[in-house]
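Q: Residue numbers (my numbering), protein chains in the order written: chain A, 1 to 447; chain B, 1 to 447.
Just so you know, these hints were derived from the structure itself, not from any lab.
Which copy is meant is left open, because identical chains are indistinguishable; a pair holds if it fits in one copy or across any two.
Quick list of in silico lysine-lysine cross-link-like pairs, DSSO-like style, CA-CA up to 27 Å:
| id | residue 1 | residue 2 |
| --- | --- | --- |
| 1 | K250 | K297 |
| 2 | K30 | K61 |
| 3 | K30 | K409 |
| 4 | K47 | K30 |
| 5 | K92 | K61 |
| 6 | K55 | K30 |
| 7 | K337 | K250 |
| 8 | K38 | K409 |
| 9 | K232 | K151 |
| 10 | K89 | K4 |
| 11 | K417 | K30 |
2 protein chains.
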Amino acid sequence: MMLKSLFEPSSVAVIGASREPGKLGHEILKNILDAGFKGKLYPINPKADEVLGLKCYPSVKDVPEGVELAVVIVPARFVPSVISDCSAKGVKAAVVISGGFSETGEAGAQLERQLVEAARKAGIRVIGPNCQGVNSSAVGLCASWPLVRVKGPISVISQSGTVLAALACWAEEDGIGISKLVALGNKCDVDEIELLEYLAEDPETKVIALYIEGTRDGRKFVEVARKAARRKPVLVLKGGRTAKGAEAVKSHTRSLAGMDAIFDAAFRQAGVIRASSVEDFYDACKALSTLPRPTGKNVAIVTSSGGSGILATDACEELGLNVVGLPVEVKDALKEKLPPECILRNPLDLTGSAVSEMYDAAASALASSGAVDSILMIVGDPMPGIAEVISKNLQRGKPIVPVMLGGGKAETEERAKLRELRLPVYSCPVRGAKALATLTRYTAQQG
Amino acid sequence: MMLKSLFEPSSVAVIGASREPGKLGHEILKNILDAGFKGKLYPINPKADEVLGLKCYPSVKDVPEGVELAVVIVPARFVPSVISDCSAKGVKAAVVISGGFSETGEAGAQLERQLVEAARKAGIRVIGPNCQGVNSSAVGLCASWPLVRVKGPISVISQSGTVLAALACWAEEDGIGISKLVALGNKCDVDEIELLEYLAEDPETKVIALYIEGTRDGRKFVEVARKAARRKPVLVLKGGRTAKGAEAVKSHTRSLAGMDAIFDAAFRQAGVIRASSVEDFYDACKALSTLPRPTGKNVAIVTSSGGSGILATDACEELGLNVVGLPVEVKDALKEKLPPECILRNPLDLTGSAVSEMYDAAASALASSGAVDSILMIVGDPMPGIAEVISKNLQRGKPIVPVMLGGGKAETEERAKLRELRLPVYSCPVRGAKALATLTRYTAQQG
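Modelling step: build the complete structure from the supplied sequences, incorporating the hints.
A: Structure, rendered in structure tokens:
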């Protein structure tokens, strides 16, 4: 597929590379270098001999070897001719980061048509223009910003550069990592439908997150999204739910947000999961890309914080999960293993004197019970060893959603271990419950 | 008022101080020391001469000078006699951290009655037992855990130690800080009503956050909460909304969560703001304790991220705020000051090439317009100088709720500056919108 040149190019030209720190043409070249791009890298700038230690060429046509992908950051008016140069060089795909096209009015739209024409003639596939670029962690190609390097299971397609960047930053911070990021920009050629099709087949992508404001072909979108959602979770965040939001969409990407109810029905029909905020979007990605699937909606809550356990119980019940009665066999097994102050019900309250061995006993008993499908593990005041307990018990095949809060230094240390283990952790019992509910809903829908 | 001895004691005895790191009696003494307690501090332990460099006494009765507050961490069975010793010494208040009382069954309840009787006889006011202690930042008294030292405007009363600790940790992390924290535990004497009354009058407390699972005297609670809410914002998070949550409440604190609808009506009647999760609780505290009040519900959204602006527009509208049309005078003023790619509507989209001067121009024009009551400022890909712009424009008296996301290193730096300035920042447009909606609702209700 042509899109392979976008995500796994053997050579990249950065057209508009700049020597001036702070300029986009500098930062992007630097990010590609710092991400450790595995292929050949050519800065293009007629006014420089060298940028960031790399030999610089006046035009892409002057590069002595082949160029597979072009990253374009020159002013809009030069872009059509740059694309023609790329054509001469046999470039397969271009990421046009430059703005100043159809988003600015008729003159820009005219330039965009010239860009498309040049690209079509040359058989060059185009991402953008007016976009925040592309990041493909497998080959160390961060042709975007900020610099995000941690490889992982989440791929993102987004009509918003910032939403894309936020997910990427959080995924890096949490050690979960990203696979492929694409900022759509004006979608003059490649759009979310084609990318969805590609990422559905991509073995490195475990979860697809899609921020859109509209789609050009609703029927095709539903068809492709449905196929993708059968293979892996597809999450969608869509702006323009309200009348004023829909108006803002028109100004931003000229999409027709249309009647939100129609989108909502389409998403449902396609089996994609709709998120309600950027954080909710990311929280769901994190759970779906790292945890095993629950076989049903019976959840057991284990906690050292009675209050958090109660808040989680409320949230789970309200979100359609079932806070099941503690199974007799679990009660019997734990009676001997836990101190008498523990409250043997669901939520299972290990109380403030909980240590990680108690969590271990609880998790292993719950994981062995056929009546429990998932575990929400709330660790108030986290104690040494809890990260290992979570990791070990996840091997038993049932999802464990960890929540940590109120812990000061010990919490920081255990969070760092979970990061190393690439396991998710949430900061609020309700957010953990939400992520688990999404995980459960997705699995149920898969049948 | 007697509770002054709890929050501003001139001398504190830690009864059950331990030399062994990891033990509660060690950690609490250490936290009081590390928080820089301003009064005299006496470790009590019959088996030690010295703990953490402080001279240790076998009994509180052996302390050569007066003791105003006792922090008690000895096993439950010793607590009644410890309280009698405190009586002999003229102690005014005791924080009983030890568990093993009414929460464990009849024998414990019996001990708790003895504790109460001894305290009543001596006129000693008691917090707890079975609680996570007290923290009063003004005098450096962190008789709780983890160690939290940053002074600030948020006071918390909580039936959950972890919820208390989570708020405190986040407030410290964000540089907002805390004033007084009280973990209620079994509430054998001092309860949320009395504390609410006290904190309503406390000049250092700007916002009161209350986590409860039930209250003994609903009528009195409403009366006191209403009075408090007239003076300053009172936020409440209550566990036990669902049937299963209410059952869990019974096991946790033996409170009757009762019909949630009744609580909800009472909260409304009292004018307290109900939160839905621990994070939501904290987010609201942060806005209410740091930002000026909006005089109406007309919000202007300024953003460098079109997508985030749209998501915020949806959230504001859904939360009852009014994303007002951009006033003509603002449009006129900004036409000359902003580059042509900016979209002069609401949300006001400065686009991805925004710099802090553009935010400054936008914020100052919006702050001067009578048609705008509040500003939601979304900074995707934060740029140098933005923290100062926020701080400067807040001087104009209108609330600005900052949201930062997707920014990598530059974001980290600007967040650090906001922390120094003790200004709030949110990570998700929807969370920012929620906090602003709460701020607006509270102000409207105050009339």
